[in-house]
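Peer 1: Please arrange chain W on chain D, whose structure you already have, making use of the hints.
Protein chains: 2
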Amino acid sequence: MRAFSDRLVEAIRSKGNPCVVGLDPRIELMPDFVKAGRGDLTREAVCGILSDFHEVVLDAVAGLVPAVKPQLAFFEQYGLGGMEAFANTVRVARERGLLVIADGKRNDIASTAEAYAAAFLGDAGFQAHAMTVNPYLGRDSLTPFVEVCKRCRAGMFVLVKNSNAGSKDFQDQRLESTGRPLYEAIARMVDELGRDLVGESGYSSVGAVVGATFPEEGRAIRAIMPQAFILVPGYGAQGGSAQSAAACFDERGLGAVVSSSRGITYSFGDSGISREGYVRSVRENALRMIEDVCGAVRNHSLASP
Amino acid sequence: MRAFSDRLVEAIRSKGNPCVVGLDPRIELMPDFVKAGRGDLTREAVCGILSDFHEVVLDAVAGLVPAVKPQLAFFEQYGLGGMEAFANTVRVARERGLLVIADGKRNDIASTAEAYAAAFLGDAGFQAHAMTVNPYLGRDSLTPFVEVCKRCRAGMFVLVKNSNAGSKDFQDQRLESTGRPLYEAIARMVDELGRDLVGESGYSSVGAVVGATFPEEGRAIRAIMPQAFILVPGYGAQGGSAQSAAACFDERGLGAVVSSSRGITYSFGDSGISREGYVRSVRENALRMIEDVCGAVRNHSLASP
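Protein chains in written order, with our numbering: chain D, 1 to 305; chain W, 1 to 305.
FYI, nobody ran anything at the bench for these hints, they're computed from the structure.
Accuracy of the hints is not assured; some may be wrong.
Pairs involving identical chains hold if they fit within one copy or between any two copies, as the list cannot separate such chains.
[Unchecked claim] Pairs of lysine to any residue residues, derived as SDA-like cross-links and limited to a Cα-Cα distance of at most 20 Å, are as follows:
(1) Lys168 <-> Glu192
(2) Lys168 <-> Ala185
(3) Lys168 <-> Thr178
(4) Lys15 <-> Gly97
(5) Lys168 <-> Ala110
(6) Lys15 <-> Ser301
(7) Lys168 <-> Arg180
One chain only, chain D, in its complex shape (with noise of 0.2 Å):
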């Protein structure tokens, strides 16, 4: 099997753009013929919503986009119903051959880390191609996800400059040793710890997660991991623009992937939209997005030297 770099680069290149759709399940917000039937909401009924829902979206969107980005934390708040959607979501995902990135910013030390990275990219767990991983415990934190991801042409992606206002708490906090913001160490870590694991493609399977609201740093960061593959959410429902989310990508247009998940899944106007309707409404969001990303990608990098 190739590199997860690798298959992410053929992957934006076969579809023709960076772009990921994430899969945030809040029942509330979805439309009502998914939800129309079902009862109670009991395991079995919550398993079957959001399974059912995702597999509409992923029908929709698999021929658009590279990949897709579950975010745990809204599989685990409905409990086992959740996790079992979780688990299907993965597999259908994959059945209609999008990468999968699970969105769980994960992280403990030793074999615990292990257990997490075996948890998501092993073979006896949900199998997800790449995950996200949380740095706040340092260096050995970050190696067993690492040896799962050499082991299991896996991916991970290190949480640098994420996209709320409160990043800047810890994450800018300028460093003694280096006069510098916390994030840039991180950074440079995060570009020492993926120079084993460069592809073909001369991008690495250990990418970095900077926010599409802070164009600035993204340019920072990028210079300091020229290698590492970019996962730049908060484009759309959180405020950043293309344009700010294209300051992720080198001067070849490449190097990174805008996700957006609301903006997708969840703008669709009034919730008694029919099941066409809705995969309509998605093929729409995504479609749009595609057009605005590209565009700006491709002038950022006109723009490079």
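Peer 2: Frame of chain D; chain W shown alone:
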């Protein structure tokens, strides 16, 4: 219902010790009797092994300690069967009168953080009494957990200084703004966020995680957040002594709980041990830890000014 911190203080007083048994399911380390006759490790078999194993452990320790700490990574690594066993384990622990700290080190932004809090602390979720939370995303990623703790009378433990060697990489970095390590800035935020959740006992339900492997840091952090409860992992198998762990307690000999996992559940010698022999071993291990920790805390509070 009373505040989590008050229930924790009451449980510590009634059991006469501040020890927490960590539940880290690792089938390869379990005694044979719990695995015998299960056949292949299907989802059902995994769920059965993990649930039964923990029921034995919970029955053995319910009369001895105030709380248990299931480690989510080790459940998640077994996929859906593992998560089903997690739900069973929390339920049985509650039935046995034990407080449950879900160790998942979760965090994310805004509505996603809310979803994690609902997942582990809310009535529709897994219903632990408290959970561990990662602070890297900043203040606005912590406040949704604080809100849920307030509403559900639950507790949270924010990672401040972890027990692993690599925790020095970022947590120990001195900040330009203060000349002090990052973990102190986080401890100050924990103290501030917790002021609204101080119970009748004088302790807050917003606590912190500080590894037993760093007693000096423990003392400093204790002083910064006098009302926060500290969850102290790293005792035993990870090399932290009872004396080191005691540094996280206050002059009343309270304000912290010390957890041990492998030292209690997987230190039983021969894998062919009988069920009765295993129960005896778990109780002996727990009693040895209780004596060790209580002695060290007593000496610590006697020596405190």
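Peer 1: For this structure, which hints from the list above don't hold up?
Peer 2: none
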